[in-house]
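A.B. asks: Residue numbers (the working numbering), protein chains in the order written: chain P, 25 to 504; chain D, 25 to 504; chain R, 25 to 504; chain B, 25 to 504.
Hints listed in this document are in silico derivations from the structure and should not be mistaken for laboratory results. A couple of the hints might just be wrong.
[Said to hold, decoys possible] Straight line, CA to CA, 30 Å or less: simulated DSSO-like cross-link-like pairs of lysine-lysine:
{"#": "1", "chain 1": "D", "residue 1": "Lys477", "chain 2": "R", "residue 2": "Lys358"}
{"#": "2", "chain 1": "R", "residue 1": "Lys480", "chain 2": "B", "residue 2": "Lys234"}
{"#": "3", "chain 1": "B", "residue 1": "Lys477", "chain 2": "P", "residue 2": "Lys360"}
{"#": "4", "chain 1": "D", "residue 1": "Lys387", "chain 2": "P", "residue 2": "Lys498"}
{"#": "5", "chain 1": "R", "residue 1": "Lys234", "chain 2": "B", "residue 2": "Lys477"}
{"#": "6", "chain 1": "B", "residue 1": "Lys179", "chain 2": "B", "residue 2": "Lys169"}
{"#": "7", "chain 1": "B", "residue 1": "Lys358", "chain 2": "R", "residue 2": "Lys480"}
{"#": "8", "chain 1": "B", "residue 1": "Lys453", "chain 2": "R", "residue 2": "Lys238"}
{"#": "9", "chain 1": "D", "residue 1": "Lys360", "chain 2": "R", "residue 2": "Lys480"}
{"#": "10", "chain 1": "P", "residue 1": "Lys234", "chain 2": "D", "residue 2": "Lys392"}
{"#": "11", "chain 1": "P", "residue 1": "Lys358", "chain 2": "D", "residue 2": "Lys477"}
{"#": "12", "chain 1": "B", "residue 1": "Lys179", "chain 2": "R", "residue 2": "Lys498"}
{"#": "13", "chain 1": "P", "residue 1": "Lys477", "chain 2": "R", "residue 2": "Lys477"}
{"#": "14", "chain 1": "R", "residue 1": "Lys480", "chain 2": "P", "residue 2": "Lys337"}
{"#": "15", "chain 1": "P", "residue 1": "Lys360", "chain 2": "D", "residue 2": "Lys480"}
{"#": "16", "chain 1": "P", "residue 1": "Lys460", "chain 2": "D", "residue 2": "Lys480"}
{"#": "17", "chain 1": "R", "residue 1": "Lys460", "chain 2": "B", "residue 2": "Lys460"}
{"#": "18", "chain 1": "R", "residue 1": "Lys392", "chain 2": "D", "residue 2": "Lys392"}
{"#": "19", "chain 1": "B", "residue 1": "Lys360", "chain 2": "P", "residue 2": "Lys477"}
{"#": "20", "chain 1": "D", "residue 1": "Lys358", "chain 2": "R", "residue 2": "Lys477"}
{"#": "21", "chain 1": "B", "residue 1": "Lys453", "chain 2": "R", "residue 2": "Lys480"}
Number of protein chains: 4
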Amino acid sequence: MTDGTAQGSKVKDMSLAEFGRLEINLAEVEMPGLMASREEFGPSKPLAGARVMGSLHMTVQTAVLIETLQALGADLRWCSCNIFSTQDHAAAAVVAAGTSKVFAWKGETLEEYWWCTEQALTWPDGEGPDIIVDDGGDATLLIHKGYEFEQAFEKDGSLPCPSTTTNEELKIVYRIIAESIQKDPKRFQKMVARLVGVSEETTTGVHRLKEMAKQGKLLFPAINVNDCVTKSKFDNIYGCRHSLTDGIMRATDVMIAGKKALVAGYGDVGKGSVQALKAAGAIVYVTEIDPICALQAYMEGVEVVLLEDVVDKVDIFITTTGNRDIIMAEHMAKMKNNAIVGNIGHFDNEIDMAGLLSNPEIKRQNIKPQVDRFIFPDGHGVIVLAEGRLLNLGCATGHPSFVMSCSFTNQVLAQLELWNNRANGKYGKDVYLLPKHLDEKVALLHLGVLGAKLTKLTPVQSEYLGIATEGPFKPDTYRY
Amino acid sequence: MTDGTAQGSKVKDMSLAEFGRLEINLAEVEMPGLMASREEFGPSKPLAGARVMGSLHMTVQTAVLIETLQALGADLRWCSCNIFSTQDHAAAAVVAAGTSKVFAWKGETLEEYWWCTEQALTWPDGEGPDIIVDDGGDATLLIHKGYEFEQAFEKDGSLPCPSTTTNEELKIVYRIIAESIQKDPKRFQKMVARLVGVSEETTTGVHRLKEMAKQGKLLFPAINVNDCVTKSKFDNIYGCRHSLTDGIMRATDVMIAGKKALVAGYGDVGKGSVQALKAAGAIVYVTEIDPICALQAYMEGVEVVLLEDVVDKVDIFITTTGNRDIIMAEHMAKMKNNAIVGNIGHFDNEIDMAGLLSNPEIKRQNIKPQVDRFIFPDGHGVIVLAEGRLLNLGCATGHPSFVMSCSFTNQVLAQLELWNNRANGKYGKDVYLLPKHLDEKVALLHLGVLGAKLTKLTPVQSEYLGIATEGPFKPDTYRY
Amino acid sequence: MTDGTAQGSKVKDMSLAEFGRLEINLAEVEMPGLMASREEFGPSKPLAGARVMGSLHMTVQTAVLIETLQALGADLRWCSCNIFSTQDHAAAAVVAAGTSKVFAWKGETLEEYWWCTEQALTWPDGEGPDIIVDDGGDATLLIHKGYEFEQAFEKDGSLPCPSTTTNEELKIVYRIIAESIQKDPKRFQKMVARLVGVSEETTTGVHRLKEMAKQGKLLFPAINVNDCVTKSKFDNIYGCRHSLTDGIMRATDVMIAGKKALVAGYGDVGKGSVQALKAAGAIVYVTEIDPICALQAYMEGVEVVLLEDVVDKVDIFITTTGNRDIIMAEHMAKMKNNAIVGNIGHFDNEIDMAGLLSNPEIKRQNIKPQVDRFIFPDGHGVIVLAEGRLLNLGCATGHPSFVMSCSFTNQVLAQLELWNNRANGKYGKDVYLLPKHLDEKVALLHLGVLGAKLTKLTPVQSEYLGIATEGPFKPDTYRY
Amino acid sequence: MTDGTAQGSKVKDMSLAEFGRLEINLAEVEMPGLMASREEFGPSKPLAGARVMGSLHMTVQTAVLIETLQALGADLRWCSCNIFSTQDHAAAAVVAAGTSKVFAWKGETLEEYWWCTEQALTWPDGEGPDIIVDDGGDATLLIHKGYEFEQAFEKDGSLPCPSTTTNEELKIVYRIIAESIQKDPKRFQKMVARLVGVSEETTTGVHRLKEMAKQGKLLFPAINVNDCVTKSKFDNIYGCRHSLTDGIMRATDVMIAGKKALVAGYGDVGKGSVQALKAAGAIVYVTEIDPICALQAYMEGVEVVLLEDVVDKVDIFITTTGNRDIIMAEHMAKMKNNAIVGNIGHFDNEIDMAGLLSNPEIKRQNIKPQVDRFIFPDGHGVIVLAEGRLLNLGCATGHPSFVMSCSFTNQVLAQLELWNNRANGKYGKDVYLLPKHLDEKVALLHLGVLGAKLTKLTPVQSEYLGIATEGPFKPDTYRY
């Protein structure tokens with residue numbers, strides 16, 4: 025995630041690090057879970073002795089996470105998990121404070137990206153981390169691939185060969201590992217031996233981990249932070265509710281009231297999106313494949329339609345599906361002039377960018393960064409946000425700090441959970457949900473600053489319900 | 025659930041059965057899932073040959089369920105699961121139509137209640153049902169107790185002795201079983217042998233079943249209908265959202281706009297309740313023990329407080345917790361004059377009725393049925409709805425038919441699932457969730473009447489997502 | 025307004041007057057403006073010496089108004105302004121308390137109705153009232169007609185002749201006046217001479233007054249209470265928002281969530297109705313003739329359609345127009361089976377009841393009081409609420425007490441305004457809005473009980489704005 | 025209104041005029057009232073022969089207004105009404121198209137500003153305009169002052185003397201007039217003689233006009249566009265609802281959900297603001313001086329408090345009052361760290377900027393343009409948006425085009441009304457509301473693009489209501 029606005033408008037008489045520090049300090053107030061973690065755990069330094077490596081967008085919010093882990097005693101090295109997502113002022117401030125080594129800058133090449141990842145995994149003594157904060161699984165991938173190829177090398181002296189793959193990134197990974205084996209053929213095996221575990225932030229990363237676990241190839245414990253309630257519901261519903269209309273407005277200044285909007289998908293992201301659009305005064309339709317979600321839409325007064333049936337009367341189209349091929353060039357050919365099309369789901373293939381870009385009859389008119397108008401042969405144009413990528417990141421600033429604080433506090437508790445249980449065998453080579461009571465603790469750490477007062481169960485009530493007074497308060501199957 | 029209003033206002037020149045038929049016909053339009061089931065499954069009579077026994081409130085909505093099961097070929101006997109809940113006109117109409125034998129009337133004694141249950145379990149040939157629709161688990165209990173005592177009798181000739189229990193209902197159950205054993209010492213064992221399974225409607229019933237399964241005492245398969253998404257979320261959120269303010273208004277005619285309301289508990293019932301009260305213009309507070317739910321409340325703009333801190337300024341108090349001792353007489357002593365106190369959670373011990381009724385200094389002033397004013401020594405009064413029991417049932421007519429249709433369509437599909445798999449060993453002596461695809465089917469059957477058009481996955485999308493085009497569309501852990 | 029529910033369920037061991045007193049006491053808590061008036065003005069008895077005659081629905085809420093006027097010193101006589109609207113227990117309680125003479129009962133004949141009006145206008149000494157609280161203008165009408173015919177009689181000895189009018193009510197009025205003239209040919213002229221003025225409650229009454237004033241025939245000052253902000257907006261928006269869904273639910277128990285609803289008219293009543301239906305989860309459409317109101321509908325995310333275009337897919341039709349012929353029998357012929365049709369606008373001719381009732385091919389099926397199903401030749405039925413009359417009155421209990429308190433506090437202040445200025449010529453023979461500062465005072469008197477704290481202008485602010493610290497705070501043209 | 029964002033991000037290979045044209049074309053789609061005016065009136069050129077002078081922010085939206093007036097035949101000259109509000113690319117595009125003469129650029133000095141105004145008022149033949157579009161009344165002021173001083177000069181040869189006023193702007197105005205009189209002592213008198221009238225956009229301008237009319241000094245007819253429903257309600261409620269949270273988010277990226285927000289004032293701007301903040305998930309409080317507005321707040325579930333009572337627990341403070349001294353430095357001294365303070369009311373004196381800036385103990389930390397943090401001696405900071413000026417303009421892009429289209433279509437109709445009635449004496453030297461039917465027409469012209477279908481009154485209905493089928497549909501006192 026880049027934050028061009030903030031950088032563009034930074035006060036001119038500050039250094040990059042000073043500006044980063046200012047923004048970090050402002051973000052701290054909006055990240056109460058992390059600050060409360062510092063307060064609660066800081067004094068006892070529970071991560072003292074732990075080498076923590078992070079591969080996660082090097083933003084202002086992540087800086088607050090990094091500095092929290094450091095306050096808990098960790099010895100840190102960090103890289104970004106996306107070539108564009110580093111906020112240089114955030115990186116500069118962290119470096120200036122000496123909180124963590126940082127290998128990240130905005131606009132890395134893929135070569136540079138994997139070099140950064142490797143550096144972040146390598147402590148000065150040549151060894152690796154004890155625990156990893158991963159986002160998307162690239163750090164985990166490099167270690168697993170390294171381990172696999174070291175074993176192959178041991179067996180038959182073979183080295184990974186970039187030409188065996190067409191994937192640009194894998195070519196680079198192979199090259200790095202080949203070089204590594206030639207220097208130290210045990211390096212990744214030692215790294216694995218030391219590793220206590222990883223906590224993974226995203227759906228994609230968790231999916232990779234589960235595949236490895238299923239195949240029996242996972243080399244160390246993994247905690248799935250992604251599916252914590254305080255991560256998934258908060259990111260998806262409340263985060264998107266905040267940032268969807270924010271992105272649309274910053275990009276187009278369009279009045280949403282009175283307009284017709286179609287939200288493709290009524291999962292958590294769709295639910296947050298519909299709530300935001302209705303609140304702004306839009307007439308909202310939903311498309312769904314899942315009848316349960318469709319029925320939920322009706323319960324909130326939202327009609328479930330086929331895209332085809334409304335494509336020529338809707339003003340704003342938003343995809344939230346995680347699926348592909350939702351809004352195709354053929355659909356856009358039938359839309360009203362200046363219909364707005366944006367994606368807040370997952371990949372840019374929810375919208376048929378390929379179809380738009382490959383058709384020579386469709387002209388692209390760039391209006392401003394992240395806002396393009398595609399003009400069809402009949403003269404009507406369609407405004408596509410963020411080139412089909414996540415519009416809340418591309419056209420606004422993504423999830424607000426408070427939402428990221430929920431997510432990152434889960435990371436802190438996951439790191440503590442892995443480290444505290446490093447010696448007792450609680451976690452094997454599998455993927456674990458963060459225990460419910462820690463999910464609840466994340467919520468708890470965010471309530472104080474909002475002024476909440478929680479009721480406590482009496483002993484009689486506790487016994488009546490069969491629930492301990494300190495929780496966990498719900499079974500794992502509870503849907504919230 | 026009694027529906028005194030409807031009965032009280034029934035047109036005088038109709039017979040009870042005619043009036044019941046009129047109301048059943050009206051309800052059918054609001055129960056599209058059941059009607060769609062008739063249309064889809066009716067022609068093939070998949071329940072032909074199945075003896076279905078039901079123990080579930082004999083209301084108009086249940087009549088639509090009964091007639092659906094009959095349309096699918098079932099041979100039916102029915103009783104109510106609550107001594108007060110029968111709507112006599114509904115029972116009369118079912119009997120008049122010859123759809124099912126019915127053993128139920130409004131205002132049974134406990135003796136009569138268990139006699140009805142026994143009759144419903146006993147076909148003219150002396151044998152029992154193939155499948156059971158249970159609500160609260162009383163039919164299941166009678167069979168399990170009968171089976172247990174028959175085995176004891178076989179072993180040592182002992183008979184159940186009412187004096188061994190202080191529970192009034194159990195005394196009756198023991199008496200019935202003792203008589204039964206004396207007539208036919210194998211009756212319940214034969215019943216169990218025949219039984220394909222039970223589908224259970226409620227939290228309480230599921231809890232009992234799980235306890236039995238855990239102890240290895242469950243004698244036949246059980247399907248947990250209660251935790252289907254289309255049951256739990258629809259009952260709890262949308263059903264209560266509908267009926268909470270309905271109940272308050274019918275009972276008190278109070279203007280909710282501008283008033284301060286406190287909702288104890290922000291689970292699904294609490295979420296529906298808060299939504300209804302906010303929509304009516306109230307200033308709403310929540311009390312919670314669970315920090316995750318509390319944080320969700322804030323995300324919807326609702327403050328989480330302690331009851332003690334607001335007890336003297338709130339106008340309307342609603343309990344939704346499933347817990348006990350939520351609003352005590354001491355709290356009510358501090359409330360504003362004519363504060364309203366009601367429960368839409370579970371049992372009447374959410375409100376300290378015992379404390380109100382046992383204190384001679386607190387005077388009870390009955391305003392109208394289900395509405396009492398308790399006057400404290402200082403002269404202020406508190407209006408308690410439905411004597412602390414579920415106010416949406418006591419003061420209004422409970423969940424609307426559409427919500428019950430979701431719940432009951434799950435029952436129909438559960439009965440089919442049990443019956444269709446009776447011979448293949450799919451279900452053992454355990455408690456099962458209804459498979460996700462059936463939960464989704466329930467939703468599907470309710471969408472047509474609302475005018476929904478569902479999008480279908482293309483083969484490419486299906487492969488991309490790893491989801492079959494006909495579903496199930498979500499993992500079991502999905503929270504909706 | 026009749027309140028059958030409350031009466032039907034009244035506690036059996038109370039007298040009618042005791043039950044009325046109980047309900048009056050409960051209503052007082054919800055009518056803070058009236059109670060605050062008693063507190064502020066009661067001690068000084070500003071209406072001492074004033075004879076106040078009221079012609080306004082003799083309900084529980086009106087009883088609180090009556091007892092407020094009495095607490096301010098008035099000498100009262102009261103009748104109802106509708107043959108069905110008296111709540112007998114309310115009347116009984118007022119009579120038992122000796123607060124006012126009351127001439128009203130539920131179910132008067134038209135003859136009885138006008139007899140009651142005449143009695144209420146006639147003090148034991150034969151003279152009339154000093155001030156009148158009128159609702160619909162019948163008391164005012166009787167006086168004006170009496171005055172007119174007395175003058176005609178003086179001129180030429182003629183008496184009003186019932187056969188000169190086809191209007192049933194006017195025939196009765198003429199008869200009463202003819203008798204009166206024969207007893208005392210100056211009675212109404214003396215009444216007019218004494219009269220300080222009238223405060224009128226309704227649109228219809230105000231319309232009549234304005235016509236008379238335009239023609240120069242108005243005989244005494246009139247204050248238009250109907251168009252106070254605290255009357256019109258509160259009655260129309262908030263009152264209907266409360267009572268529309270209340271009425272629909274009590275009548276049909278239908279689940280509104282997921283249903284399509286059409287609201288004809290987006291004036292204040294329409295705005296309240298749409299808000300209520302959207303809040304209940306309906307998909308709402310509006311029909312409008314006025315483009316400004318139509319554009320307001322879009323700003324709230326509501327589509328403006330033609331009835332014809334959606335008549336076959338809407339589930340609930342509500343008229344709010346004050347116009348006639350909105351939903352015709354031809355429309356109902358095209359509706360879905362069991363579509364619900366109700367009116368919360370003005371007269372029952374918003375719905376084509378005549379068309380339904382006069383067509384022998386349309387069968388009427390009475391479901392319960394105030395709920396009829398009209399069955400069309402093709403077999404589909406349409407459920408009509410309250411026989412096309414105001415469904416919130418017919419199927420629920422009308423506006424809640426709090427809303428009536430706003431309206432009635434305006435009446436109290438209007439009565440005081442008339443009485444206090446009886447001698448200074450402030451009000452001539454014209455129709456006046458209640459001064460803005462009194463409208464504001466009505467609001468003020470309702471804020472205390474809600475816990476509001478108003479900010480006071482500082483002298484500097486007061487001068488800056490050119491607004492006195494005690495108000496009025498807005499120009500007369502302000503739209504709120 | 026400046027639009028730094030758009031300019032900052034403008035595509036680099038376009039000229040300023042090309043970029044302006046692109047933005048104007050995009051805005052046209054969002055300004056359907058203006059485009060519909062072109063379609064309806066364009067062919068007949070009703071403004072042919074009319075010289076139209078405009079003094080109104082030279083933005084993209086205004087460009088669409090200008091080009092509409094030109095399409096109707098007007099001969100145009102334009103200046104801005106604020107030294108900062110010109111969007112240079114909009115001005116460049118209008119000039120490039122030759123639509124109007126434009127005298128405006130971003131960042132004028134006051135001297136330049138009044139020079140521009142004078143130029144815009146002066147056609148090449150030395151004469152003035154026939155009609156004026158004014159915003160704030162500066163063009164009108166210059167003419168009135170010129171006329172007044174010309175008459176004084178005639179009488180006694182005196183010239184306006186800048187030293188007689190301390191007002192910086194008036195000094196300049198005097199200088200200009202003094203020079204003008206020396207060149208042509210009849211210039212402004214001739215201008216007045218020619219002038220058909222002015223249509224005024226704002227509250228301030230209308231206030232000035234009414235003062236002049238009251239004193240008998242108004243020299244030509246004026247139409248008050250500001251108080252049209254389609255201007256005032258749309259600007260204030262819907263415009264602010266759109267742009268308030270937009271501004272807060274762009275400025276601070278703060279998550280509004282869960283936060284406590286206080287809105288000072290519950291007039292139309294306050295109502296829109298509260299709606300936006302509640303929709304975003306805030307817990308909202310209101311402060312009010314007017315009891316009617318306060319009671320309306322309660323009806324929407326919003327508590328009315330004193331600022332003093334909540335100042336230490338609120339996170340976001342918004343002023344909407346039009347009053348001064350609402351949030352003082354003393355208040356800010358008691359706020360939470362990083363509380364946000366912004367104004368969307370009127371002038372920057374709603375917030376005590378003077379108090380902040382003049383206190384040497386309070387440090388100012390500039391975070392980014394239009395966002396400052398004021399640090400108090402105890403270390404806590406308060407974030408002030410847009411230096412206390414309108415935050416929706418300063419931190420976002422003000423009202424969206426659709427809202428401006430309503431406002432500007434009123435201007436077009438007002439100009440037509442003045443011009444069409446120039447010879448018939450319909451308008452004298454007074455301030456007139458735009459006739460209701462034109463207000464309705466503005467709404468009508470915006471409905472087509474939204475897909476609205478308006479119902480037409482039948483002749484029977486028209487007679488029943490006493491309303492012409494083509495409107496106007498409401499009395500002038502209707503509050504909407």
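A.B. asks: It remains to establish, for every hint, whether it holds in the given structure.
C.D. replies: Now for the hints, and whether the structure bears them out:
Among the hinted pairs, Lys477(D) with Lys358(R) is consistent with the structure: their alpha-carbon atoms are about 22 Å apart, no more than 30 Å. Distance restraint check for Lys480(R) and Lys234(B): the Cα-Cα separation of roughly 28 Å lies within the 30 Å cut-off, and the hinted pair is therefore satisfied. Restraint check: the Cα-Cα separation between Lys477(B) and Lys360(P) comes to about 18 Å, which is no more than 30 Å; the hinted pair holds. In summary, the hint linking Lys387(D) to Lys498(P) is not supported, as the alpha carbons are separated by about 39 Å, beyond the 30 Å threshold.
Distance hint between Lys234(R) and Lys477(B) is unfulfilled; the C-alpha atoms sit about 34 Å from each other, more than 30 Å. A C-alpha spacing of about 15 Å is found between Lys179(B) and Lys169(B), which places the hinted pair at or below 30 Å, so the restraint holds. For a cut-off of 30 Å, the pair hint linking Lys358(B) to Lys480(R) stands: about 20 Å separates their Cα positions. Distance restraint check for Lys453(B) and Lys238(R): the Cα-Cα separation of roughly 29 Å lies within the 30 Å cut-off, and the hinted pair is therefore satisfied.
At most 30 Å may separate the alpha-carbon atoms for a hinted pair to count; Lys360(D) and Lys480(R) meet this at roughly 27 Å. Of the supplied pair hints, the one linking Lys234(P) and Lys392(D) is violated, its CA atoms being roughly 60 Å apart against a limit of 30 Å. With a CA separation close to 20 Å, the supplied pair Lys358(P) and Lys477(D) stays within the 30 Å bound. Our distance criterion of 30 Å between C-alpha atoms is broken by Lys179(B) and Lys498(R), whose separation comes to about 42 Å.
Between Lys477(P) and Lys477(R) the CA atoms are separated by roughly 24 Å; this keeps the pair inside 30 Å, and the hint holds. Between Lys480(R) and Lys337(P), the direct Cα distance comes to roughly 50 Å. Violation of the 30 Å bound is thereby established for this hinted pair. Distance hint between Lys360(P) and Lys480(D) is fulfilled; the C-alpha atoms sit about 24 Å from each other, no more than 30 Å. Between Lys460(P) and Lys480(D), the direct Cα distance comes to roughly 35 Å. Violation of the 30 Å bound is thereby established for this hinted pair.
Pair hint Lys460(R) plus Lys460(B) holds up; C-alpha atoms about 23 Å apart against a cutoff of 30 Å. Among the hinted pairs, Lys392(R) with Lys392(D) is consistent with the structure: their alpha-carbon atoms are about 21 Å apart, no more than 30 Å. Between Lys360(B) and Lys477(P) the alpha-carbon distance is near 18 Å, which keeps this suggested pair within the 30 Å criterion. For the proposed pair Lys358(D) and Lys477(R), the alpha carbon gap of about 22 Å is at most 30 Å, so the pair holds.
Among the hinted pairs, Lys453(B) with Lys480(R) is inconsistent with the structure: their alpha-carbon atoms are about 38 Å apart, more than 30 Å.
Consistency note: the structure conflicts with the earlier hints numbered 4, 5, 10, 12, 14, 16 and 21.
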